[in-house]
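Colleague: Single-letter residue listing:
Number of protein chains: 2
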Amino acid sequence: MKKRYLLAPGPTPVPPEVLSAMSEPIIHHRSPEFATIMKEALDGLKWLFQTESTVMILTASGTGGMEAAVSNLLSPGDRAICVRGGKFGERWAEICEAYGISPINIDVPWGESVQPEAIESALKKDPTIKAVFVQASETCSASVHPIQEIASIVRKRDNTILVVDAITAIGVMDLPVDAWGIDVCVTGSQKALMLPPGAAFVSVSDKAWHFNEASKCPRFYFNLKKEKAKAEAGQTNFTSPVAMVIGLRKVLEMMREEGLQNVFARHERLADATRTALRQLGLRLLAVGIPSNAVTGAYLPAGIDGGAFTKKLREEYGVTVAGGQAQLKGKIFRVAHLGYADTLDVITAMAAVERGLRAFGYPLELGAGVRAAEEILFGNK
Amino acid sequence: MKKRYLLAPGPTPVPPEVLSAMSEPIIHHRSPEFATIMKEALDGLKWLFQTESTVMILTASGTGGMEAAVSNLLSPGDRAICVRGGKFGERWAEICEAYGISPINIDVPWGESVQPEAIESALKKDPTIKAVFVQASETCSASVHPIQEIASIVRKRDNTILVVDAITAIGVMDLPVDAWGIDVCVTGSQKALMLPPGAAFVSVSDKAWHFNEASKCPRFYFNLKKEKAKAEAGQTNFTSPVAMVIGLRKVLEMMREEGLQNVFARHERLADATRTALRQLGLRLLAVGIPSNAVTGAYLPAGIDGGAFTKKLREEYGVTVAGGQAQLKGKIFRVAHLGYADTLDVITAMAAVERGLRAFGYPLELGAGVRAAEEILFGNK
Chain Y
4 MKKRYLLAPG PTPVPPEVLS AMSEPIIHHR SPEFATIMKE ALDGLKWLFQ TESTVMILTA
64 SGTGGMEAAV SNLLSPGDRA ICVRGGKFGE RWAEICEAYG ISPINIDVPW GESVQPEAIE
124 SALKKDPTIK AVFVQASETC SASVHPIQEI ASIVRKRDNT ILVVDAITAI GVMDLPVDAW
184 GIDVCVTGSQ KALMLPPGAA FVSVSDKAWH FNEASKCPRF YFNLKKEKAK AEAGQTNFTS
244 PVAMVIGLRK VLEMMREEGL QNVFARHERL ADATRTALRQ LGLRLLAVGI PSNAVTGAYL
304 PAGIDGGAFT KKLREEYGVT VAGGQAQLKG KIFRVAHLGY ADTLDVITAM AAVERGLRAF
364 GYPLELGAGV RAAEEILFGN K
Chain G
4 MKKRYLLAPG PTPVPPEVLS AMSEPIIHHR SPEFATIMKE ALDGLKWLFQ TESTVMILTA
64 SGTGGMEAAV SNLLSPGDRA ICVRGGKFGE RWAEICEAYG ISPINIDVPW GESVQPEAIE
124 SALKKDPTIK AVFVQASETC SASVHPIQEI ASIVRKRDNT ILVVDAITAI GVMDLPVDAW
184 GIDVCVTGSQ KALMLPPGAA FVSVSDKAWH FNEASKCPRF YFNLKKEKAK AEAGQTNFTS
244 PVAMVIGLRK VLEMMREEGL QNVFARHERL ADATRTALRQ LGLRLLAVGI PSNAVTGAYL
304 PAGIDGGAFT KKLREEYGVT VAGGQAQLKG KIFRVAHLGY ADTLDVITAM AAVERGLRAF
364 GYPLELGAGV RAAEEILFGN K
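Quick mapping for you: the protein sequence lines, in order, are chains Y and G. According to the numbering used here, the stretch in the first sequence is residues 4 to 384, in order. According to the numbering used here, the stretch in the second sequence is residues 4 to 384, in order.
Errors might be hidden in some of the hints.
Copies of the same chain are indistinguishable here, so a pair counts whether it falls within one copy or spans any two.
Said to hold, decoys possible - Below, a list of computed lysine-lysine pairs in the DSSO-like style, where the Cα atoms sit at most 27 angstroms apart:
id, residue 1, residue 2
1, Lys231, Lys314
2, Lys219, Lys133
3, Lys229, Lys219
4, Lys42, Lys332
5, Lys315, Lys42
6, Lys210, Lys128
7, Lys332, Lys233
8, Lys231, Lys90
No lab work stands behind these hints: they were computed from the structure.
Using the sequences plus the hints, can you model the full thing?
Modeller: Structure below.
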């Protein structure tokens with residue numbers, strides 16, 4: 004017998020009660036019964052996004068939501084800032100290029116947070132820039148960018164919108180879409196939303212809808228305007244991902260029960276404990292700017308290969324953590340603490356890391372990381 | 004208590020053992036464990052499509068697969084034939100227009116099958132036509148188009164490919180992709196494949212891959228070339244729909260156990276019984292060309308509104324059948340018999356139809372439709 008623990012930053016574990024809800028017999032996507040479920044799910048998404056705007060449901064992975072934001076708001080020849088602090092920042096630029104939009108790349112070393120001033124000065128230099136594309140949480144570098152500050156810069160400009168990839172941020176950290184002025188916010192099902200992969204969720208501000216009217220990129224499957232009209236009738240433009248929406252309603256109910264600020268506080272606490280524990284073990288953290296509360300990355304000690312390390316954890320201890328991507332491949336590992344994650348998951352992760360490090364000959368005091376995490380997680384209770 | 008019966012042409016019921024497989028804990032999409040599942044699922048898709056080509060898995064509804072076929076193979080300014088025998092035929096033309104491709108529409112009255120000669124003469128008239136887009140089974144008109152004949156016309160031409168929407172055809176009727184020369188074949192998860200909505204499956208022939216090389220439509224999320232490379236490594240380009248792929252492996256295992264020709268024969272038998280029963284009740288069938296074995300459509304007797312009829316079946320008897328779309332709205336109803344459908348489902352459907360017709364004052368002999376179905380379904384056994 005080998006018990007399995009999924010501690011990678013997506014897909015994340017789905018709670019048993021959600022799996023159960025999603026296993027109910029399929030119902031028709033144009034039935035009144037489904038429209039009621041859709042409306043509840045859509046209301047819940049507004050609550051989660053902290054917005055009055057309609058949040059659209061797309062049958063796609065998160066990248067489909069990112070593409071929809073580009074192809075529904077801009078036109079070939081437009082210019083847009085892409086903050087590239089990791090693989091997902093690079094993806095914004097790649098999508099722009101695919102649609103004939105010229106990305107103005109602001110490159111940030113992986114693990115750092117972008118300086119809002121860099122965005123401000125790029126916008127001043129080129130007043131024709133239509134959009135700023137950025138990650139709230141860059142999963143591959145376990146870091147966040149300062150969205151509130153960036154939003155306060157962009158919202159002053161009538162001709163520029165802010166588009167945020169919040170795929171590992173929504174439901175993890177406070178990201179009030181309306182209060183901050185995030186024009187487009189994209190997330191996915193398989194992260195803090197605790198659902199299987201397969202759906203993307205996108206909010207669009209009134210300001211951004213004006214950009215939609217002028218946008219000339221070809222689009223059909225990802226048509227946000229049509230999705231908005233359908234969502235307001237409790238439907239989707241094409242066949243709805245029925246089981247996913249049923250699961251969505253259920254997870255939103257669970258999150259509402261916990262309370263939004265409590266959800267954020269839980270992620271903060273788990274992240275803090277993980278970071279402290281890894282530091283206690285003598286590891287260097289990947290994030291040197293603002294660390295993400297969704298996932299923590301750490302460099303492996305010299306001489307330990309990241310591929311071999313994550314393989315040992317997965318195959319011998321049943322624990323799946325993520326390795327590094329692109330230039331970080333083999334050098335780091337990443338432990339997630341988002342979604343259906345709680346106190347004892349951090350303990351599990353830290354114990355597995357201790358065991359793995361020791362197996363590769365790294366000198367450590369067994370229990371040191373776990374104890375550091377316990378001190379933060381258990382407090383006085 | 005009201006038991007529910009889903010008899011609409013998609014989404015279709017998911018077998019309990021598949022729901023159960025899909026409820027297993029989520030695993031990571033880049034793990035060796037998942038790659039093994041993916042490879043088995045992809046092998047099964049080749050078997051189902053009767054092709055040696057890679058069948059790609061897209062996280063999208065079937066329409067996403069249709070869009071991928073257009074945007075990955077053609078270029079703005081290209082010309083393409085779109086057979087419009089219903090709402091889904093119109094969708095081909097709409098997708099082409101969205102991508103700057105000029106559709107040459109061959110319009111077919113809803114319920115009729117296209118004449119292959121019409122396609123042949125359009126191709127002769129304009130040798131620059133790059134593609135023929137057609138439905139194998141037009142769900143909204145409950146009819147099929149003669150794909151084998153159309154393929155034999157298109158395969159003679161080096162500069163034209165045949166793209167078939169087989170969303171309600173794959174797993175229903177014999178559609179040997181390689182033997183007939185179907186260049187691109189698209190299907191969806193929520194029809195004969197007995198899965199929830201959320202995935203599309205697309206095969207591409209060697210001939211069509213050459214078109215991909217020349218294609219200049221913008222694309223990013225739907226990138227078939229990248230998906231092919233990933234599929235051959237047991238992955239998808241973006242986060243895989245993990246639960247869906249696990250379900251896919253399971254349904255393909257069930258279909259293999261039944262045998263492909265037996266699957267087709269079952270659909271043929273259920274369709275035949277449904278058509279015979281409805282005719283026995285004095286109803287006029289929608290299909291006047293080749294009827295589809297996925298779904299049967301029938302006109303309601305004069306004076307009975309289709310909306311009220313399907314509502315009564317759904318709300319009072321718990322039976323969901325489909326109404327008509329667009330110009331057929333209110334005039335017809337459609338009973339599906341595809342996917343997880345067997346003998347007694349047809350009996351259920353016919354009994355509900357008899358009950359509904361009688362409730363609306365239509366004179367009929369109770370049991371006449373059911374008996375006609377039984378005679379076909381039970382034979383001498």
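Colleague: Take the hints in turn and mark each one as holding or not.
Modeller: Here's how the hints hold up against the structure:
In this assembly of identical chains, the alpha carbons of Lys231 and Lys314 lie at most 27 angstroms apart only when taken from different copies (26 angstroms versus 44 angstroms within one copy). In this assembly of identical chains, Lys219 and Lys133 lie within 27 angstroms of each other by CA distance both inside one copy and across copies; the values are 13 angstroms within and 24 angstroms between. For the identical chains of this complex, Lys229 and Lys219 are neighbours both inside a copy (15 angstroms) and across copies (26 angstroms), given an alpha-carbon limit of 27 angstroms. Taking identical chains as interchangeable, the C-alpha atoms of Lys42 and Lys332 lie at most 27 angstroms apart only when they sit on different chains, with a minimum of 25 angstroms there against 42 angstroms within one chain.
Proximity of Lys315 and Lys42 under a CA criterion of 27 angstroms is satisfied inter-copy only: 23 angstroms between copies versus 45 angstroms inside one chain copy. Proximity of Lys210 to Lys128 under the C-alpha cut-off of 27 angstroms is restricted to the intra-copy arrangement: shortest distance 22 angstroms within a copy versus 48 angstroms between copies. Proximity of Lys332 to Lys233 under the C-alpha cut-off of 27 angstroms is restricted to the inter-copy arrangement: shortest distance 18 angstroms between copies versus 42 angstroms within a copy. In the homo-oligomer, the alpha carbons of Lys231 and Lys90 lie at most 27 angstroms apart only across protomers (21 angstroms), although the nearest pairing inside one protomer, at 29 angstroms, exceeds that limit.
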